[in-house]
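Protein chains: 4
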Amino acid sequence: MVKKIQVTVWNEFWHEQYQDNIKEVYPDGIHRVIAGHLEMQPDMEVRTATLYDAECGLSDEIIEQTDVLIWWSHMKHDEVPDEWVDKLYKRAIAGMGTIFLHSSSGSKLFKRLLGAVGGHKWREAHEKERLWVLKPGHPIVDGIGECVELQEEEMYGEYWDIPEPDELVLASWFEGGEIARSGITYTRGKGRLFYFRPGHEEYPTYYNANVMRIIENGTRWAAPLASSPTITSGNVNSIEPIAGFLRDGRGNRID
Amino acid sequence: MVKKIQVTVWNEFWHEQYQDNIKEVYPDGIHRVIAGHLEMQPDMEVRTATLYDAECGLSDEIIEQTDVLIWWSHMKHDEVPDEWVDKLYKRAIAGMGTIFLHSSSGSKLFKRLLGAVGGHKWREAHEKERLWVLKPGHPIVDGIGECVELQEEEMYGEYWDIPEPDELVLASWFEGGEIARSGITYTRGKGRLFYFRPGHEEYPTYYNANVMRIIENGTRWAAPLASSPTITSGNVNSIEPIAGFLRDGRGNRID
Amino acid sequence: MVKKIQVTVWNEFWHEQYQDNIKEVYPDGIHRVIAGHLEMQPDMEVRTATLYDAECGLSDEIIEQTDVLIWWSHMKHDEVPDEWVDKLYKRAIAGMGTIFLHSSSGSKLFKRLLGAVGGHKWREAHEKERLWVLKPGHPIVDGIGECVELQEEEMYGEYWDIPEPDELVLASWFEGGEIARSGITYTRGKGRLFYFRPGHEEYPTYYNANVMRIIENGTRWAAPLASSPTITSGNVNSIEPIAGFLRDGRGNRID
Amino acid sequence: MVKKIQVTVWNEFWHEQYQDNIKEVYPDGIHRVIAGHLEMQPDMEVRTATLYDAECGLSDEIIEQTDVLIWWSHMKHDEVPDEWVDKLYKRAIAGMGTIFLHSSSGSKLFKRLLGAVGGHKWREAHEKERLWVLKPGHPIVDGIGECVELQEEEMYGEYWDIPEPDELVLASWFEGGEIARSGITYTRGKGRLFYFRPGHEEYPTYYNANVMRIIENGTRWAAPLASSPTITSGNVNSIEPIAGFLRDGRGNRID
Numbered sequence: 003m004v005k006k007i008q009v010t011v012w013n014e015f016w017h018e019q020y021q022d023n024i025k026e027v028y029p030d031g032i033h034r035v036i037a038g039h040l041e042m043q044p045d046m047e048v049r050t051a052t053l054y055d056a057e058c059g060l061s062d063e064i065i066e067q068t069d070v071l072i073w074w075s076h077m078k079h080d081e082v083p084d085e086w087v088d089k090l091y092k093r094a095i096a097g098m099g100t101i102f103l104h105s106s107s108g109s110k111l112f113k114r115l116l117g118a119v120g121g122h123k124w125r126e127a128h129e130k131e132r133l134w135v136l137k138p139g140h141p142i143v144d145g146i147g148e149c150v151e152l153q154e155e156e157m158y159g160e161y162w163d164i165p166e167p168d169e170l171v172l173a174s175w176f177e178g179g180e181i182a183r184s185g186i187t188y189t190r191g192k193g194r195l196f197y198f199r200p201g202h203e204e205y206p207t208y209y210n211a212n213v214m215r216i217i218e219n220g221t222r223w224a225a226p227l228a229s230s231p232t233i234t235s236g237n238v239n240s241i242e243p244i245a246g247f248l249r250d251g252r253g254n255r256i257d
Numbered sequence: 003m004v005k006k007i008q009v010t011v012w013n014e015f016w017h018e019q020y021q022d023n024i025k026e027v028y029p030d031g032i033h034r035v036i037a038g039h040l041e042m043q044p045d046m047e048v049r050t051a052t053l054y055d056a057e058c059g060l061s062d063e064i065i066e067q068t069d070v071l072i073w074w075s076h077m078k079h080d081e082v083p084d085e086w087v088d089k090l091y092k093r094a095i096a097g098m099g100t101i102f103l104h105s106s107s108g109s110k111l112f113k114r115l116l117g118a119v120g121g122h123k124w125r126e127a128h129e130k131e132r133l134w135v136l137k138p139g140h141p142i143v144d145g146i147g148e149c150v151e152l153q154e155e156e157m158y159g160e161y162w163d164i165p166e167p168d169e170l171v172l173a174s175w176f177e178g179g180e181i182a183r184s185g186i187t188y189t190r191g192k193g194r195l196f197y198f199r200p201g202h203e204e205y206p207t208y209y210n211a212n213v214m215r216i217i218e219n220g221t222r223w224a225a226p227l228a229s230s231p232t233i234t235s236g237n238v239n240s241i242e243p244i245a246g247f248l249r250d251g252r253g254n255r256i257d
Numbered sequence: 003m004v005k006k007i008q009v010t011v012w013n014e015f016w017h018e019q020y021q022d023n024i025k026e027v028y029p030d031g032i033h034r035v036i037a038g039h040l041e042m043q044p045d046m047e048v049r050t051a052t053l054y055d056a057e058c059g060l061s062d063e064i065i066e067q068t069d070v071l072i073w074w075s076h077m078k079h080d081e082v083p084d085e086w087v088d089k090l091y092k093r094a095i096a097g098m099g100t101i102f103l104h105s106s107s108g109s110k111l112f113k114r115l116l117g118a119v120g121g122h123k124w125r126e127a128h129e130k131e132r133l134w135v136l137k138p139g140h141p142i143v144d145g146i147g148e149c150v151e152l153q154e155e156e157m158y159g160e161y162w163d164i165p166e167p168d169e170l171v172l173a174s175w176f177e178g179g180e181i182a183r184s185g186i187t188y189t190r191g192k193g194r195l196f197y198f199r200p201g202h203e204e205y206p207t208y209y210n211a212n213v214m215r216i217i218e219n220g221t222r223w224a225a226p227l228a229s230s231p232t233i234t235s236g237n238v239n240s241i242e243p244i245a246g247f248l249r250d251g252r253g254n255r256i257d
Numbered sequence: 003m004v005k006k007i008q009v010t011v012w013n014e015f016w017h018e019q020y021q022d023n024i025k026e027v028y029p030d031g032i033h034r035v036i037a038g039h040l041e042m043q044p045d046m047e048v049r050t051a052t053l054y055d056a057e058c059g060l061s062d063e064i065i066e067q068t069d070v071l072i073w074w075s076h077m078k079h080d081e082v083p084d085e086w087v088d089k090l091y092k093r094a095i096a097g098m099g100t101i102f103l104h105s106s107s108g109s110k111l112f113k114r115l116l117g118a119v120g121g122h123k124w125r126e127a128h129e130k131e132r133l134w135v136l137k138p139g140h141p142i143v144d145g146i147g148e149c150v151e152l153q154e155e156e157m158y159g160e161y162w163d164i165p166e167p168d169e170l171v172l173a174s175w176f177e178g179g180e181i182a183r184s185g186i187t188y189t190r191g192k193g194r195l196f197y198f199r200p201g202h203e204e205y206p207t208y209y210n211a212n213v214m215r216i217i218e219n220g221t222r223w224a225a226p227l228a229s230s231p232t233i234t235s236g237n238v239n240s241i242e243p244i245a246g247f248l249r250d251g252r253g254n255r256i257d
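Protein chains in written order, with our numbering: chain A, 3 to 257; chain B, 3 to 257; chain C, 3 to 257; chain D, 3 to 257.
Calculated from the structure, these hints are not laboratory results.
Don't take each hint at face value.
One copy or two, it doesn't matter: identical chains are merged, so the pair holds either way.
[Unchecked claim] Within a straight-line C-alpha distance of at most 27 Å, the following computed DSSO-like cross-link-like pairs (lysine-lysine) qualify: (1) Lys-5 with Lys-78; (2) Lys-5 with Lys-130; (3) Lys-137 with Lys-92; (4) Lys-25 with Lys-5; (5) Lys-130 with Lys-89; (6) Lys-137 with Lys-89; (7) Lys-130 with Lys-25; (8) Lys-113 with Lys-92; (9) Lys-113 with Lys-137; (10) Lys-5 with Lys-113.
Modelling step: build the complete structure from the supplied sequences, incorporating the hints.
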């Protein structure tokens with residue numbers, strides 16, 4: 003029996019509790035809509051967690067068991083305690099996949115994993131977004147058409163100051179005149195990271211079948227290896243002779 | 003008249019002052035040997051700075067004027083005050099080139115710019131290193147042969163846990179059986195970064211003509227643009243009409 | 003029920019028939035050893051084909067059904083008729099995965115897919131090769147250690163004149179002093195391509211469990227998407243109004 | 003005295019001679035407008051050549067002397083004789099820079115250098131194009147703003163079936179709803195290649211100062227190294243002992 007992918011959908015869950023117009027769109031929170039779709043996948047086991055749960059909903063045991071962490075945050079980036087960011091960072095480097103949605107590009111964990119992350123343009127003007135596929139053979143776009151149209155989204159525009167992505171899978175056209183790299187991947191340590199741009203809280207983006215298929219695909223793509231190579235580091239002996247002899251890490255002969 | 007590249011060579015300068023065997027190799031410090039070569043270039047103007055200078059030798063004025071910062075540190079990474087790291091980081095993101103030598107991969111600035119930087123193997127066993135060119139059309143290897151041999155070097159071995167480089171220009175063969183990515187480039191913000199592996203303090207690596215040619219080439223490659231694009235970010239008006247009208251960053255019509 | 007990956011292992015099959023020392027190592031041909039391992043995978047269905055079969059063993063039906071093509075050729079690159087190369091090229095661009103082993107870097111199909119492919123160094127001196135993992139989170143190295151040692155292999159050395167790989171998964175150390183990029187990936191059209199260096203016909207490389215695990219992993223990695231995006235190209239109508247109106251591909255109003 | 007960059011601007015020069023509306027825009031040909039700008043650069047020496055010149059304007063001597071070849075073709079791709087494509091290919095691999103403009107993506111040389119090049123969308127509807135800078139520290143965008151607006155251009159739309167670029171410097175927004183990767187770089191052999199999308203013959207694109215600055219920058223960026231590494235390939239002796247002895251390329255001891 004194949005082990006199911008253990009998914010944790012984390013949401014700051016502030017807008018949906020404290021802003022009526024957002025509550026209308028996502029009455030149970032963005033995390034529940036995303037989890038609802040993933041729970042229907044036979045190869046996934048899904049839990050949710052929010053800032054309002056004890057320990058951010060992220061006990062050591064849950065972090066340890068999570069194969070892929072899906073993250074949505076916006077207003078409360080900085081209320082996630084550094085201690086949890088540290089734990090998640092270590093787990094991500096060790097192989098846990100991470101999927102950062104929309105404004106989560108401002109989260110502590112995203113910035114910790116990527117290093118130099120700067121600003122970009124943005125506009126909340128109910129404008130059209132069209133995401134074009136730039137890598138049609140990539141697992142993340144399986145089952146999608148050549149573009150995904152969203153009738154209303156927040157705009158994020160270039161230049162977005164991020165490290166060069168490993169892969170640019172999707173890029174967006176916006177009605178107001180800008181473009182954005184909107185589906186990008188990175189590897190950090192053994193962990194795979196997928197950033198997916200759409201998902202402003204005012205719009206029903208996460209009810210869109212294509213958006214959810216991309217998140218579902220991204221989850222599979224980001225899942226850790228069954229058995230990744232064990233890496234050793236630090237001071238090591240030579241494998242081959244150096245000046246005629248095997249040597250320890252300080253250069254002494256090993257006889 | 004073309005403006006000269008303003009180079010600052012920074013060295014922690016501890017080994018050469020406090021360890022006799024190192025002092026013998028670099029009596030005036032590694033920084034002086036590197037600066038000595040670069041000063042002979044008609045297109046460069048060079049200053050040096052060390053941890054033992056006031057303000058780490060890095061006044062605001064010097065930071066502002068520096069086009070390319072060359073960095074060597076090892077034992078004293080953590081004695082560079084965070085305040086200076088912040089200043090250098092901001093300047094690097096804004097376009098200053100950075101060249102990190104050897105153990106400087108452990109410096110605060112390198113880790114700040116790259117984010118997730120983990121460990122690698124190492125061994126001090128006077129072993130042979132041979133750096134092979136993997137991009138023979140790259141400016142960094144202008145004037146170099148297809149490989150550079152160093153009779154004695156410290157070994158750094160893979161897997162080295164770093165973000166995927168933008169470019170892999172040189173990779174090393176070591177006598178003891180390991181390999182390493184040893185000449186790699188990144189872009190962060192507008193700044194170009196070159197990491198160059200060799201340069202253990204016990205060996206006369208920086209007297210090697212090929213090594214110095216690579217550092218010289220790297221300095222030219224990393225120099226900022228004369229006039230880089232001015233990037234705007236934050237909440238912006240639409241450039242094109244959205245639903246029939248130009249809009250401000252909150253979606254209101256601009257008439 | 004999940005559809006099995008349809009694998010075709012193609013071998014030129016000359017050395018093993020006409021050179022006694024090679025026949026001893028691979029009495030039924032390299033293709034049979036590779037197929038033998040893959041046939042044990044519950045998610046794969048495997049056939050073999052050689053230059054000595056009718057139509058190179060590659061009927062239109064077989065090409066159409068093949069999800070992943072594994073290729074070994076050396077002396078007889080140029081005896082594969084252009085017509086078959088054309089068919090395989092089209093299928094690869096349309097999504098069929100390709101795995102090129104060892105000297106297959108000289109095959110017509112490899113050069114057709116990659117364009118500018120030049121030379122590299124080589125030596126047949128029974129020397130040791132050690133392949134180091136450079137991307138420990140990559141599916142191709144699942145179940146492998148941090149390096150794979152082969153006691154005897156032919157050497158291929160840098161600089162190897164190939165287009166920049168999308169990913170550098172493994173690189174080799176050779177006893178005689180060279181290094182090589184030895185596990186590299188590309189995407190061409192919708193097709194994923196994996197080149198894997200070891201496999202000189204004189205040595206029992208394809209009996210090595212790690213080598214076969216890497217080929218097995220590569221096969222899964224290169225398998226086509228279940229449903230890749232349908233891409234349209236050519237002269238297209240506008241999706242959005244241009245100067246006030248939807249337009250056809252020649253600029254005429256569509257009313 | 004620094005050697006000037008030897009630039010050859012090649013144009014098929016058909017539209018401008020045989021279509022009145024194009025002749026009006028470029029009475030002396032696109033090549034003359036491009037050359038006119040580059041001739042004003044103190045570090046460049048410029049010649050032009052067209053399909054209507056003897057030997058395509060590309061004698062062996064001119065090919066040998068050319069540092070950077072700028073190419074524009076559209077209707078007459080296939081009238082460039084294979085013999086010249088072979089010569090240009092060899093020179094490009096050996097280090098000559100190449101800049102392919104607009105429809106030159108269909109030229110024999112472009113396809114020969116890149117291998118698998120497929121289709122893309124296109125539309126001639128006098129629509130607006132806005133090229134956004136995605137790498138603001140790249141030499142190709144020196145002196146440019148964060149985007150370049152062109153009031154009328156032909157649209158090229160994704161997905162464009164090309165090998166993954168080494169760098170994505172500029173990407174375009176089109177009025178009609180599409181996007182395109184419009185400023186991309188590759189390395190092939192020792193040669194650098196820059197593809198720059200705008201430049202439909204009906205529009206005065208090459209009179210635009212930003213467009214010409216980008217071509218000028220690209221020319222400098224693509225210029226060959228003063229002294230690139232000499233690469234050896236083929237059967238080579240070992241540098242280090244193998245099983246105790248230096249060996250020739252067939253494994254025999256060298257004593």
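Comparing the hints with the structure gives:
1. Within a single copy, Lys-5 and Lys-78 get their C-alpha atoms no closer than 34 Å, and across copies no closer than 44 Å, so neither meets the 27 Å cut-off.
2. Taking the closest pair of Cα atoms, Lys-5 and Lys-130 never come within 27 Å of each other, the shortest separation being 40 Å inside a single copy and 38 Å across copies.
3. Proximity of Lys-137 to Lys-92 under the C-alpha cut-off of 27 Å is restricted to the inter-copy arrangement: shortest distance 17 Å between copies versus 30 Å within a copy.
4. Proximity of Lys-25 to Lys-5 under the C-alpha cut-off of 27 Å is found in neither arrangement, the shortest distances being 35 Å within a copy and 42 Å between copies.
5. Within a single copy, Lys-130 and Lys-89 get their C-alpha atoms no closer than 38 Å, and across copies no closer than 40 Å, so neither meets the 27 Å cut-off.
6. For a Cα distance limit of 27 Å, the shortest separation of Lys-137 from Lys-89 across copies, 22 Å, qualifies, whereas the shortest one inside one copy, 33 Å, does not.
7. Taking the shortest Cα distances, Lys-130 and Lys-25 sit within 27 Å of each other inside one copy (22 Å), while across copies they are farther apart (39 Å).
8. In this assembly of identical chains, the alpha carbons of Lys-113 and Lys-92 lie at most 27 Å apart whether taken from the same copy (14 Å) or from different copies (15 Å).
9. Both within a single protomer and between protomers do Lys-113 and Lys-137 lie at most 27 Å apart by alpha-carbon distance, with minima of 25 Å and 19 Å respectively.
10. Taking the shortest Cα distances, Lys-5 and Lys-113 never come within 27 Å of each other, neither inside one copy (31 Å) nor across copies (36 Å).
Figure legend: structure checked against the earlier numbered hints; hints not met, in rising order: 1, 2, 4, 5, 10.
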